[in-house]
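*Asks:* For reference, the chains in residue letters:
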Amino acid sequence: MTLFAIIGAFVVGFGTIFLFLGALGIFRLPDVYNRLQAGTKCTTLGAFCAIVGVGIAQPDWIFKAVIVAVFILLTNPISAHALARASYKSAIRPYEGTVVDKCREFGECEEVKDGAEDFQPGLDDEE
Amino acid sequence: MNLTLYTIFFGIGAAAVLLCMLRALLGPTASDRLVAVDGMITITTALLVLLALFLGRRIYVDVALVYAVLAFVGVIAVARYLERGL
Numbered sequence: 001m002t003l004f005a006i007i008g009a010f011v012v013g014f015g016t017i018f019l020f021l022g023a024l025g026i027f028r029l030p031d032v033y034n035r036l037q038a039g040t041k042c043t044t045l046g047a048f049c050a051i052v053g054v055g056i057a058q059p060d061w062i063f064k065a066v067i068v069a070v071f072i073l074l075t076n077p078i079s080a081h082a083l084a085r086a087s088y089k090s091a092i093r094p095y096e097g098t099v100v101d102k103c104r105e106f107g108e109c110e111e112v113k114d115g116a117e118d119f120q121p122g123l124d125d126e127e
Numbered sequence: 128m129n130l131t132l133y134t135i136f137f138g139i140g141a142a143a144v145l146l147c148m149l150r151a152l153l154g155p156t157a158s159d160r161l162v163a164v165d166g167m168i169t170i171t172t173a174l175l176v177l178l179a180l181f182l183g184r185r186i187y188v189d190v191a192l193v194y195a196v197l198a199f200v201g202v203i204a205v206a207r208y209l210e211r212g213l
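Protein sequences, first through last, are from chains A and B.
For the first sequence, counting from 1, position 10 maps to 10 in this note's numbering; every step adds exactly one.
For the second sequence, counting from 1, position 52 maps to 179 in this note's numbering; every step adds exactly one.
Rather than coming from a laboratory, the hints here were simulated on the basis of the structure.
Where hints are given, some of them may not hold.
What the hints assert, rightly or not - Below, a sample of chain B positions facing chain A; criterion: calculated Cβ distance under 7 Å: (1) Gly138; (2) Gly140; (3) Cys147; (4) Leu152; (5) Val162; (6) Val164; (7) Thr169; (8) Thr171; (9) Val176; (10) Leu180; (11) Val190; (12) Ala191; (13) Val193; (14) Leu197; (15) Leu209; (16) Glu210.
Claimed, not checked - Restraint-style ranges between C-beta atoms, simulated for each label pair: (17) A:Pro30 to B:Phe137: 26 to 32 Å; (18) B:Val193 to A:Arg104: 22 to 28 Å; (19) B:Thr131 to A:Ala91: 28 to 34 Å; (20) A:Ile6 to B:Arg211: 49 to 55 Å; (21) B:Val193 to A:Gly97: 25 to 31 Å; (22) A:Glu96 to B:Ala204: 27 to 33 Å; (23) A:Ala91 to B:Asp189: 38 to 44 Å.
To be verified - Covered by chain A, according to a simulated footprint, are these stretches of chain B (three or more residues, beta-carbon under 8 Å): (24) 154-160; (25) 198-208.
Ideal placement from N, C-alpha and C gives every residue a C-beta, glycine not left out.
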């Protein structure tokens, strides 16, 4: 086992633990926005560390591994932002313990109506 | 020894995918399921790159790259659909 393999295995293990913690957050947290926060941050760091660790352990592959890692690092926040925006616009309330909701406070998301339970996406702009 | 270590990492990653899949099955709204699937996608990309190292096949890194690109487009499309319809 060379030095590169040892360092790579260490980094991969660090990333894998973060992947597991992110999945635990997705499973246990109470509403969509908390789940999104835990899922996005933890899995981004975990996937980045795991892929770069593979690149360290196998130094021929470092170029492609860094391409995949940087792609994940760039696109994961974008998809998380789109998901949070879509959740808010489709009238999903934050749960009761939420302290501050700036978007509602400033009235910037006026499309949010009450009666979130019987909202069907795509059905309200048919006419 | 190296392969044993990476088998343990695979076990942890598989447990993570299992937790996300439970949330995707249980989740009360469509957004919950989509968040869980998004987490599953990121974990699966990392596990594909790990699988490339585990099996010694370089082509799986390319598979992981294509999977990440297509999954990103898919998540954006479904999020747009949830936001205001197609």
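*Asks:* The structure should be examined with respect to each hint, and the outcome stated for every one.
*Replies:* Against the structure, the hints:
no.	hint	result
1	Gly138	violated, 9 Å
2	Gly140	holds, 6 Å
3	Cys147	holds, 5 Å
4	Leu152	violated, 11 Å
5	Val162	holds, 5 Å
6	Val164	violated, 10 Å
7	Thr169	holds, 4 Å
8	Thr171	violated, 9 Å
9	Val176	holds, 5 Å
10	Leu180	holds, 5 Å
11	Val190	violated, 10 Å
12	Ala191	holds, 6 Å
13	Val193	violated, 10 Å
14	Leu197	violated, 11 Å
15	Leu209	holds, 4 Å
16	Glu210	holds, 4 Å
17	A:Pro30 to B:Phe137: 26 to 32 Å	holds, 30 Å
18	B:Val193 to A:Arg104: 22 to 28 Å	violated, 40 Å
19	B:Thr131 to A:Ala91: 28 to 34 Å	violated, 50 Å
20	A:Ile6 to B:Arg211: 49 to 55 Å	holds, 51 Å
21	B:Val193 to A:Gly97: 25 to 31 Å	violated, 41 Å
22	A:Glu96 to B:Ala204: 27 to 33 Å	holds, 32 Å
23	A:Ala91 to B:Asp189: 38 to 44 Å	holds, 41 Å
24	154-160	holds (count 4)
25	198-208	holds (count 6)
In this structure, the earlier hints numbered 1, 4, 6, 8, 11, 13, 14, 18, 19, 21 are contradicted, and the remaining ones agree with it.
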